[in-house]
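Colleague: Chain residues, written in single-letter form:
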Amino acid sequence: MLCALGLSGCLPPPDGSRAQWLRSTLVEDNLNGLRREPEAVEGKFGRMALDPYDWLRGSLGQFRRDLAQRGPGALPTAFGDGPELLLVGDPHVENIGTFADPSGRVALEFNDFDAATYGPWITDVRRLATSAWLAAEACGLDGGGAASSVADAYATQVMVGDAARGLPLAAASPLLDDALARGQRGLAESAGLADFTVFDSAGARRLKRGEFGARPLPFVVDEALVDAAPEVVAGLTAALPTLVDSLAGGVAVTPEMLRVKDIARRWGSGVSSYPLLRYYVLVEGPTPHPDDDWLLEAKEAPDAGRFEGLSADRFAWRFEHNAARIVAHQRTLQGRADADFLLGFVRVGSLSLRVRSLRGDQTGLSVQRLCRKVMAAEATVDDFLEVMRFAGALLAVAHARGETPSGRPAGPVLAAAIFGREAAFRDEVHRFAQAYGYTSLDDFDRLRALLSAHGPRLGYAP
Amino acid sequence: MMTGRIVTIALTLLFTCRPIAARADAQARPSELTLDAELIAGLASTQSTSGDLSTFESRRLEVGGRWQASGEGWGAELRFEGVRSSGPESLNGIDGNSMIVRVKRGWAFGRLAPHAALRFEARAGLVPDLWVEAVEADYDLRALAPTTGEDARFLSAADAGASVLASAFSNRVRLGVSLTNGEGYRQTELNSGKTTTLVASVDALRFSFAGLGARVRAHVGWVEGSTGVARMPSGRLLAGLTFGAHRLGAGAEYLRADGAFGRAVHADALGVYAHGVAVPRWLGLAARYDRVNQDLGAQDAVRERWSAGCFAEPFGGAEGRAERLRVWLAAQVESAGDDAGPVPSAGLLGDLTRALVLLDFSIQTQEKP
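Residue numbers (the working numbering), protein chains in the order written: chain A, 1 to 462; chain B, 463 to 831.
Keep in mind the hints are simulated off the structure, nothing from the lab. As the structure is a prediction and not an experimental result, all values here were calculated from the model. Please note that a few of the clues may not be correct.
Residues from chain A shown here face chain B by an in silico Cβ test under 8 Å; the list is partial [stated by the list, open to error]:
1. K261
2. Q368
3. G459
Take a look, some chain A residues computed to stay more than 12 Å from chain B by CB distance [what the hints assert, rightly or not]:
4. G203
5. E231
6. T237
7. A337
Facing chain B, a subset of chain A residues (Cβ under 10 Å, in silico) [stated by the list, open to error]:
8. P120
9. W267
10. V271
11. F307
12. P405
No residue lacks a Cβ here, since even glycine has one placed at the ideal position from N, Cα and C.
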């Protein structure tokens, strides 16, 4: 069916246990979504099949399994025996984005903490390095150089120490400058509100409805806002004032400011989180005037995922629900509570939702955009590698802000693990990223063949 | 073909045996409902490379009931367990750190005794795993760990399907065959393939020990099936030896897996245990060793666990009583080989020591014989 839809040529069914394993685990990881809204998971699988980097974004579960079990990712490490640390969970190049602080200064930070949990820190480094490898290959550059840049910068930043103080705001690459400038511009133009809202005939601001982008595949929505289910509208409207209880403070927010004016269901956002329930919520803001309305995103908070060999719920007792975990870890790993003063959580029935503001300053790095700039000679290969160095250093900074499960600061733990072995660390990370990068390319092909052979749900039948 | 036969046999027995058994035993016993509950909970203090962690744990929380019709010809069991949501092996957990209740077993049975020395039982529903049921009969260390097959995640305690058991010579020989989904009671069925299980148990020895009956049982089993939407192979070869006597128990269980943990790998697991009461009411001793090789093709994918503990039953043992309270003090040491996850050559991450203080409480409405 998919070959007829243009996803791929009519590929033969892939053979081998690897393809079987991919098919089984992809269905397993998305089973809740397949039962609830199969079309949403179809969209996710379809998006993962568009591009090898999108495959990476949607396959964190496979990546973690591969690390732990004998297989393509099971390359030994000399850096894995230290204590577990608080992890970003899914650090990759496109999970880095801009945030403005209340003074209007824009900085780059990791921006997705759905998978944040405690675990072996080397897994975060390997994930980021693999993403750098794939990003470079997508741009026609040397993946190994990009992965080494991540590792080098990570080790250097760890050795510098005092990493928790954070990186300088000024970036060292025109590609990073470009991202910062887009964030600054978006802030100035109130891009979030402008992009997703309109004024009705009575002069009241409302969320747009409709599909705004062209579908890359018939069953993959690019960007759409549709009416939310009435029970969700009622539940969110009632629950949203409780957001104030979970805010970090710093900016006075009252329940009145969170009075709901409109709610719509967002489709087509993310890759890994594509099937998750995601709502855009227009609220009153500081005054009744529509110009200062706030646009929020309330997103279903998923499980962090697990590491084979480590019990998944060891630290679950620390949080009431997943949204609380994500928000707490985001504040810790970003090292600042003022990156988004509306970051918090609410519960609607059994659903926990992570809430954040949708401001124009929040834009993410895009591999496609990086490639375009390099190919158009607007940036050099060194500029590209500088982005990867920045990503590596940023991960080291985030890790250093965290701690072990028992409360020991992470910085000294990392320094002790790497000190005197920086070259070996870089070589190991490089080797891993290269090996797993090629595996990812093969897995991407396997996914396309699986979709072609078994359909957009990979053969899952309720 | 075999699938259809097993289901047909199970259902035929289930629906035809009632009148036969009822005719034979109608005057013998009235219908009977037994309710029971079991709670294993306590405090665990764990030391690992990631630091120390003390947690209250709920290891088992079950309530259930078993009803037998007059004459024992047929009946049913329904059992619920409380589990922490979104935990390991829970594909469909509810967000949050809550306890949820789910059905662990729910099955109907019918019995047929065509001859004094031969007895059949057919089951259908969410039926007990034949192997776990066989080796669990003499196992009394549930507080420390489930039986080896469950603990290694090679088997599930129950699954949706049907089974037929035959026993002969006063239950000295038991043979069971089942046909189930294969995913276990925790997961939903994801393929149309079914899992066939064959288990045979023989009382190798029956003798008098300390003036009371004792037995040594040998068990063998075979499982063939698949899991997941891609029908990953899931085969098992099983062997075990158990010893049960008054206040004593011991056993060894070995399982070899063709396909495990969602991969096409070969793995195996060994569990050895012994437990006994040294001073009635005040001192019982127990020890257990578990070894799981997660991938026989890897250099060192072995996880090992040593457990030792003592227990007291301050209100007396379970014999002739409807309730039992056992207080445990135990220690466990776990180690992981370099290839045993979570990342290769990071075995220390999987190493830990654990001290346990546990309460193991059970009660049922009918006094135990």
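Colleague: May I ask you to test the interface hint for F307/A with respect to chain B, counting a Cβ-Cβ separation under 10 Å as satisfied?
Modeller: The hint holds - F307/A has a Cβ within 10 Å of chain B, the shortest such distance being about 4 Å.
Colleague: With chain B as the partner, please determine if P405/A meets the hint condition of a C-beta pair closer than 10 Å.
Modeller: holds, 5 Å
Colleague: Should the interface hint for G459/A be scored as holding, given a Cβ-Cβ cut-off of 8 Å against chain B?
Modeller: holds, 5 Å
Colleague: The hint names W267/A as touching chain B; please verify it with the least Cβ-Cβ distance against 10 Å.
Modeller: violated, 21 Å
Colleague: Just to be careful: measuring from the Cβ of Q368/A to every Cβ in chain B, is the smallest value less than 8 Å?
Modeller: Violated - the Cβ of Q368/A stays beyond 8 Å from chain B, reaching only about 31 Å at its closest.
Colleague: Decide, holds or violated, for the assertion that all CB atoms of chain B are farther than 12 Å from the CB of E231/A.
Modeller: holds, 17 Å
Colleague: Does the CB of K261/A sit less than 8 Å away from some CB of chain B?
Modeller: Since chain B brings no Cβ nearer than about 27 Å to K261/A, farther than 8 Å, the hint is violated.
Colleague: Can we confirm that no CB of chain B comes within 12 Å of the CB of T237/A?
Modeller: Answer for T237/A: holds, closest chain B Cβ roughly 20 Å.
Colleague: Does the claim that G203/A lies outside the interface with chain B hold up, using a Cβ gap greater than 12 Å?
Modeller: The assertion about G203/A holds, with a minimum of 39 Å to chain B.
Colleague: Hey, does the V271/A contact hint survive, CB to chain B under 10 Å?
Modeller: Violated, because the Cβ-Cβ distance from V271/A to chain B comes to roughly 21 Å (cut-off 10 Å).
Colleague: Do the numbers back the hint for P120/A, that is, is its least Cβ distance to chain B under 10 Å?
Modeller: holds, 5 Å
Colleague: Does the no-contact call for A337/A survive, Cβ to all of chain B over 12 Å?
Modeller: holds, 24 Å
In this structure, the earlier hints numbered 1, 2, 9, 10 are contradicted, and the remaining ones agree with it.
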